[in-house]
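*Asks:* Sequence:
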Amino acid sequence: MLKDLSPDERKSMILKRINESGRVLANAVASEFGVSEDSIRRDLRELAEQGLVQRFHGGAARSRLGPRSFQQRARDETAGKKAIAAAAAARIPANATMLLDSSTTVLEFVRALPTDLQTCIITGSPDIAAAALDHPCCEVILLGGSLNRLTRSAIGQSTLAEVQSMRVDYCVLGACAVDEGLMLRAENYDDARMKLAFGQACNEIILLATSEKLLKQGPFAIGPISIVSTLVTDKTADRSILERISEAGVEVIVAGDKLA
Numbered sequence: 001m002l003k004d005l006s007p008d009e010r011k012s013m014i015l016k017r018i019n020e021s022g023r024v025l026a027n028a029v030a031s032e033f034g035v036s037e038d039s040i041r042r043d044l045r046e047l048a049e050q051g052l053v054q055r056f057h058g059g060a061a062r063s064r065l066g067p068r069s070f071q072q073r074a075r076d077e078t079a080g081k082k083a084i085a086a087a088a089a090a091r092i093p094a095n096a097t098m099l100l101d102s103s104t105t106v107l108e109f110v111r112a113l114p115t116d117l118q119t120c121i122i123t124g125s126p127d128i129a130a131a132a133l134d135h136p137c138c139e140v141i142l143l144g145g146s147l148n149r150l151t152r153s154a155i156g157q158s159t160l161a162e163v164q165s166m167r168v169d170y171c172v173l174g175a176c177a178v179d180e181g182l183m184l185r186a187e188n189y190d191d192a193r194m195k196l197a198f199g200q201a202c203n204e205i206i207l208l209a210t211s212e213k214l215l216k217q218g219p220f221a222i223g224p225i226s227i228v229s230t231l232v233t234d235k236t237a238d239r240s241i242l243e244r245i246s247e248a249g250v251e252v253i254v255a256g257d258k259l260a
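Here the sequence shown stands for residues 1 to 260, numbered as in UniProt numbering.
Hints may be right or wrong, so weigh each one.
[Unchecked claim] Taking lysine-lysine pairs in the DSSO-like style, the calculated list, with each CA pair at most 27 Å apart, reads:
| id | residue 1 | residue 2 |
| --- | --- | --- |
| 1 | K216 | K82 |
| 2 | K216 | K235 |
| 3 | K82 | K235 |
[To be verified] Ranges of calculated distance between the beta carbons of each label pair, as one might list FRET restraints:
| id | residue 1 | residue 2 | range |
| --- | --- | --- | --- |
| 4 | R167 | F56 | 44 to 52 Å |
| 5 | E49 | A130 | 33 to 41 Å |
| 6 | G51 | P126 | 25 to 33 Å |
| 7 | Q217 | A79 | 18 to 26 Å |
The set of hints was computed from the structure by calculation and includes no laboratory data. Bear in mind that the values here come from a model prediction, so they are computed numbers and not experimental data. Just so it is clear, CB atoms sit at the ideal spot from N, CA and C, and this is done for glycine as well.
Please build the complete structure, drawing on both the sequences and the hints.
*Replies:* Listed below in structure tokens is the structure:
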């Protein structure tokens with residue numbers, strides 16, 4: 001039943017409707033979901049605060065910016081991503097098994113791995129799986145499921161179940177956002193669920209985050225920064241936030257050096 005959805009699930013469905021149809025009306029959505037208009041207005045307000053939609057009297061419309069595709073994001077901060085990727089790749093030992101999420105920085109991480117490194121990569125991203133195939137000593141496992149067009153990765157209950165049956169050495173995640181309260185956040189509900197499942201299936205989480213992802217908001221919580229073992233970021237990251245993350249028990253690597 002739609003009325004039994006959690007707030008995050010409801011917001012995810014509302015956002016999907018807006019992106020597909022262009023706009024929604026609060027009273028119609030409230031009636032369909034079996035909740036109050038106040039609840040829907042609150043959902044729309046939170047989505048608007050994240051820049052994901054534009055509110056108007058009685059509803060909300062698709063943001064003029066809109067969600068950005070994997071290909072568009074791949075063109076951002078390329079130097080920073082490559083530096084982060086190289087620093088993270090240097091930490092992976094031979095014979096490690098890794099879960100990799102769908103992230104443009106994680107894609108650079110795969111490209112930075114030594115071509116002779118014996119490893120196993122498990123991912124729901126066809127782009128990352130294809131990049132891993134260029135490494136002849138790497139075993140590649142592609143997760144099944146429905147492909148999300150925006151993240152270009154497998155999602156859904158069958159994908160989650162497959163991940164939840166695993167136990168691997170490392171999980172390498174790309175950060176959507178780390179907010180002021182040091183909470184990891186995602187812009188997509190399904191992506192948040194997958195990142196959490198990946199993190200719970202590994203011994204160590206390595207988080208790759210360009211500086212612009214720190215102190216950024218996102219609508220869907222993944223978990224506190226303390227679930228991460230290692231954060232790898234770039235030299236333009238604010239040192240005060242890195243110190244706070246370090247104090248939370250996370251090893252912080254700034255590409256090229258190490259936070260004291």
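*Asks:* With respect to the beta-carbon atoms only, verify the hint that R167 and F56 lie 44 to 52 Å apart.
*Replies:* 48 Å, holds
*Asks:* Below or equal to 27 Å on CA atoms is what counts here, so check K82 against K235.
*Replies:* 12 Å, holds
*Asks:* Quick one, are K216 and K82 close enough, alpha carbons at most 27 Å?
*Replies:* The hint holds at about 21 Å.
*Asks:* Would you say the C-beta atoms of G51 and P126 sit inside 25 to 33 Å of each other?
*Replies:* 28 Å, holds
*Asks:* Evaluate the given range 18 to 26 Å for the C-beta pair formed by Q217 and A79.
*Replies:* 25 Å, holds
*Asks:* Does the hinted range 33 to 41 Å hold for E49 and A130 at CB?
*Replies:* 36 Å, holds
*Asks:* Against the 27 Å threshold, does the CA-CA distance of K216 and K235 hold or violate the hint?
*Replies:* Within the cut-off at roughly 17 Å; holds.
Taken one by one, the earlier hints all hold for this structure without exception.
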